Amino acid sequence: MRDKYLYFGLNPAGTEAFDNHTAQTLQLTTGFVDPFPTGVDYLANGGAKVTVTYNANHTYGTAYTATSGEIDITAGCTIHGTSGLITIATAAADPVYGWTKSGTGSENDLDVTQLKPYDLGDGYVYNSRYLTGVNVTGATTTDLHFQAKTGDTGAATSGAHGLDTITVTHGSGKFKEFAQELTDVIADDNKVSGMVVVRDDMRDINLTTLNASGIASVAQTATDS
Amino acid sequence: MIKTLYFSINDVNDPSDAADDAVLLNADDFIAMGPSTTTNRTLMYFKDRANTGAAETVIQLEHAVGRSIDTMEDICEAMASEPKDGFIVICDRSNGEFASPHLVSAVLSL
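Listed in order, the protein sequences are those of chains Y and B.
Here the first sequence stands for residues 1 to 225, where the numbers follow the numbering used here.
Here the second sequence stands for residues 1 to 110, where the numbers follow the numbering used here.
No wet-lab data here; the hints were simulated from the structure.
Errors might be hidden in some of the hints.
As the list claims (entries may be wrong) - What follows is a list of derived Cβ distance ranges for each label pair:
1. B:S105 - Y:S193: 20 to 30 Å
2. B:S81 - Y:V96: 34 to 44 Å
3. Y:T22 - B:V89: 44 to 54 Å
4. B:Q60 - Y:L163: 37 to 47 Å
Quick caveat, the model's predicted, so the values are computed rather than measured.
Beta carbons are placed, not taken as given, at the ideal position from N, Cα and C, and that holds for glycine.
All chains should be modelled from the sequences, with the hints used to inform the complete structure.
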């Protein structure tokens, strides 16, 4: 049986709301994620999205055709390399992807939502080879124990090692269903290859689309790493 | 099959000719990986190559900003592959060979 690489997205997506906003720029703070993201390519590489609640007094580039709901204007945004300042091109400057705010601040409601993990502890891939046990800890919680990332503490003398514990929250009494779903992934060399998402809180992805075990969230509840 | 993972840190056309310029690790010893504290770094954790208590072997990968999850997916694909010789290049900066198009370089903590 080949190793499988199990991904646990531990942290939910960072968000920051800019309601009744009067500027054409958005200053991310540590309220988004601490530390807030750096790098001028962060938005272009899909790290986060910028959305605005549609208002008829906005001016939109030709790429945006919806006339209601949340409009994703990320394509018209750039972010400063270090300060977390997002600048939105006006529709005059970028007739395709630009957006121009309303002169009335109360008509400008924007949100920045994280799409990809970048901070330490946002998520981990664990090698299924080091899954040492799975045990039910409550009606809706199951612990997955892996050898700790630091691996060999004490190994030279005792063979003992630390543990990292991932706790999955699922439907009440659904431990067996979860254990079967997990084993099906780990044991299937024909259909499963590469990285497998067990649960990703950031992107709301579960082990299977049917999600028979009702997986709802995941957390790292203990670590020796 | 025994698979190995290759990492080198030097610049292009600069051979690995000094201690810890490069390392070959048994893929079986890969335990975990995840994003680091900045938008362009991901850490790979291995069982310690020297089997010393309280030590660890960590490879810090540098990649395009915000591409940690994409890089991890690509690395998992590479590790799941089965090359005939078992030799899998994850990050060979010296020769410009990478398991992910998002990878740029690596720092070895051995």
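Consistency of the hints with the structure:
Checked against the hint of 20 to 30 Å, the C-beta distance between S105 of chain B and S193 of chain Y comes to roughly 27 Å, which is consistent with it. Distance hint for S81 of chain B and V96 of chain Y: a CB-CB separation of about 40 Å, consistent with the stated range 34 to 44 Å. The hint said 44 to 54 Å for the Cβ distance between T22 of chain Y and V89 of chain B, and at roughly 52 Å that hint holds. For Q60 of chain B and L163 of chain Y, the hinted distance range of 37 to 47 Å is not satisfied, since their beta carbons lie about 23 Å from each other.
Of the numbered hints stated above, the single one contradicted by the structure is hint 4.
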